[in-house]
Amino acid sequence: MKFARKLGIDLGTANCLIWEVGKGIVLNEPTVVAVGLEDRKVLAVGSGAREMLGKTPEYIEVVRPMEDGVIADYEVSEAMLKHFLKSVMGPVWFWGPEVVVSVPAGVTTVEQRAVMDAVLAAGARKAYLIDEPLAAAIGAKIPVSEASGNMIVDMGGGVVGVGVISLGGVVVFRSIRTGGAKLDRAIAEYLRKKYNLMVGDLTAESVKRKLGSAIKLKRSETMEVSGRDSVLGLPKNVNLSSDEVYEAIRPLLDQVIEVIRDTLEATPPELVADVADRGIILSGGLALLRNINILITREIGVSAHVALEPEFCVVKGAGMVVENLEVYQRAIR
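305 is the number of the first residue of the sequence shown in the numbering used here; add one for each residue after it.
Treat the hints with caution; some may be incorrect.
[To be verified] Pairs of lysine-lysine, DSS-like flavour, derived with a Cα cap of 27 Å:
{"id": "1", "residue 1": "K540", "residue 2": "K514"}
{"id": "2", "residue 1": "K498", "residue 2": "K540"}
{"id": "3", "residue 1": "K522", "residue 2": "K497"}
{"id": "4", "residue 1": "K310", "residue 2": "K390"}
{"id": "5", "residue 1": "K327", "residue 2": "K310"}
{"id": "6", "residue 1": "K445", "residue 2": "K430"}
{"id": "7", "residue 1": "K310", "residue 2": "K386"}
{"id": "8", "residue 1": "K430", "residue 2": "K310"}
{"id": "9", "residue 1": "K514", "residue 2": "K497"}
{"id": "10", "residue 1": "K359", "residue 2": "K498"}
{"id": "11", "residue 1": "K345", "residue 2": "K390"}
{"id": "12", "residue 1": "K430", "residue 2": "K327"}
{"id": "13", "residue 1": "K327", "residue 2": "K390"}
Hint data in this document are derived by calculation from the structure and do not stem from the laboratory.
When you get a sec, could you build the whole thing from the sequences and use the hints?
Shown next, in the form of structure tokens:
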């Protein structure tokens with residue numbers, strides 16, 4: 305429809321981003337919702353709900369309705385999407401937007417349907433789905449329509465998806481349900497086991513951002529971490545080093561390396577040669593982890609490069625697709 309607004313949506317485990325044609329990114333909010341335990345009434349969405357993590361009374365629950373890149377709580381996800389669309393569209397609109405939503409490659413038909421239904425129920429007039437690796441490749445300005453192989457590793461909050469793209473489609477893909485949120489949990493678990501220190505999601509994420517590195521740093525860095533003593537129940541501070549954070553997250557990084565290897569092993573030789581020549585492109589929030597490109601280059605033997613603004617590649621790609629649906633017909637469903 306001529307008057308319908310067009311949106312690209314990256315509905316991620318950690319954040320929801322919306323790109324509007326002609327405007328760019330118009331929303332970037334945590335996929336977090338605060339609800340009443342008894343009536344499941346939505347009390348806060350996005351940043352407001354995220355600030356409540358670990359601070360709520362017993363009658364309020366703060367939930368993440370997206371898990372491993374797919375909908376884990378349909379009703380809360382629908383309410384969250386309605387809130388986000390209202391933020392973008394305004395309180396009243398006559399035509400629902402036309403939407404392209406990214407989903408992890410390889411999700412089940414049921415999981416795809418849940419995303420589609422939730423977006424339509426939230427107010428979209430038409431909705432299409434696109435695989436995240438393909439959306440990320442388009443958003444990273446990779447020439448996906450060429451008859452040559454390009455590898456994209458999209459590392460989000462809940463899923464790491466690896467795709468080899470050629471002739472406008474995903475030729476080979478592999479994914480693992482891990483990501484930035486799992487690294488946060490690994491750091492929190494390390495602190496609990498080694499120091500009897502209980503910390504929340506926000507603290508663990510802050511530690512990852514400040515001390516996290518995919519390889520050991522030549523000069524170790526430290527920071528003070530505050531939390532609660534799991535034995536005494538009292539406030540407690542510990543000094544944590546970057547070496548310890550590396551120890552906590554390395555097993556998950558090994559899984560990322562393994563899924564990249566698996567993808568290359570399943571890729572036709574001609575396309576592998578293209579990947580070796582062009583390198584591997586990294587997208588998603590986890591691509592911002594220090595030295596992740598160095599680790600992948602060293603372990604895989606192919607140059608890895610972080611895309612420009614990697615955390616926005618998927619939503620940019622979804623936006624480019626919804627703006628040019630006739631060009632990207634093969635990319636959507």
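Here is what the structure says about each hint:
For a cut-off of 27 Å, the pair hint linking K540 to K514 stands: about 20 Å separates their Cα positions. For the given pair, K498 sits about 13 Å from K540 by alpha-carbon distance, which is consistent with the 27 Å threshold. The straight-line distance between the Cα atoms of K522 and K497 is roughly 26 Å, inside the 27 Å bound, and the hint therefore holds. With a C-alpha separation of about 14 Å, the suggested pair K310 and K390 falls inside the 27 Å cut-off, and the hint holds.
The straight-line distance between the Cα atoms of K327 and K310 is roughly 10 Å, inside the 27 Å bound, and the hint therefore holds. Annotation: proposed proximity of K445 to K430 holds, straight-line Cα distance about 26 Å (limit 27 Å). Proposed proximity of K310 and K386 is supported: the alpha carbons are some 16 Å apart, at most 27 Å. Restraint check: the Cα-Cα separation between K430 and K310 comes to about 10 Å, which is no more than 27 Å; the hinted pair holds.
Distance check on the hinted pair: K514 and K497 sit about 21 Å apart at the alpha-carbon level, within 27 Å; holds. Distance check on the hinted pair: K359 and K498 sit about 24 Å apart at the alpha-carbon level, within 27 Å; holds. Proposed proximity of K345 and K390 is supported: the alpha carbons are some 17 Å apart, at most 27 Å. For the hint pairing K430 with K327, the CA-to-CA distance comes to about 20 Å; that is within 27 Å, so the pair holds.
Restraint check for K327 and K390: the C-alpha separation of about 16 Å stays at or below 27 Å, so the hint holds.
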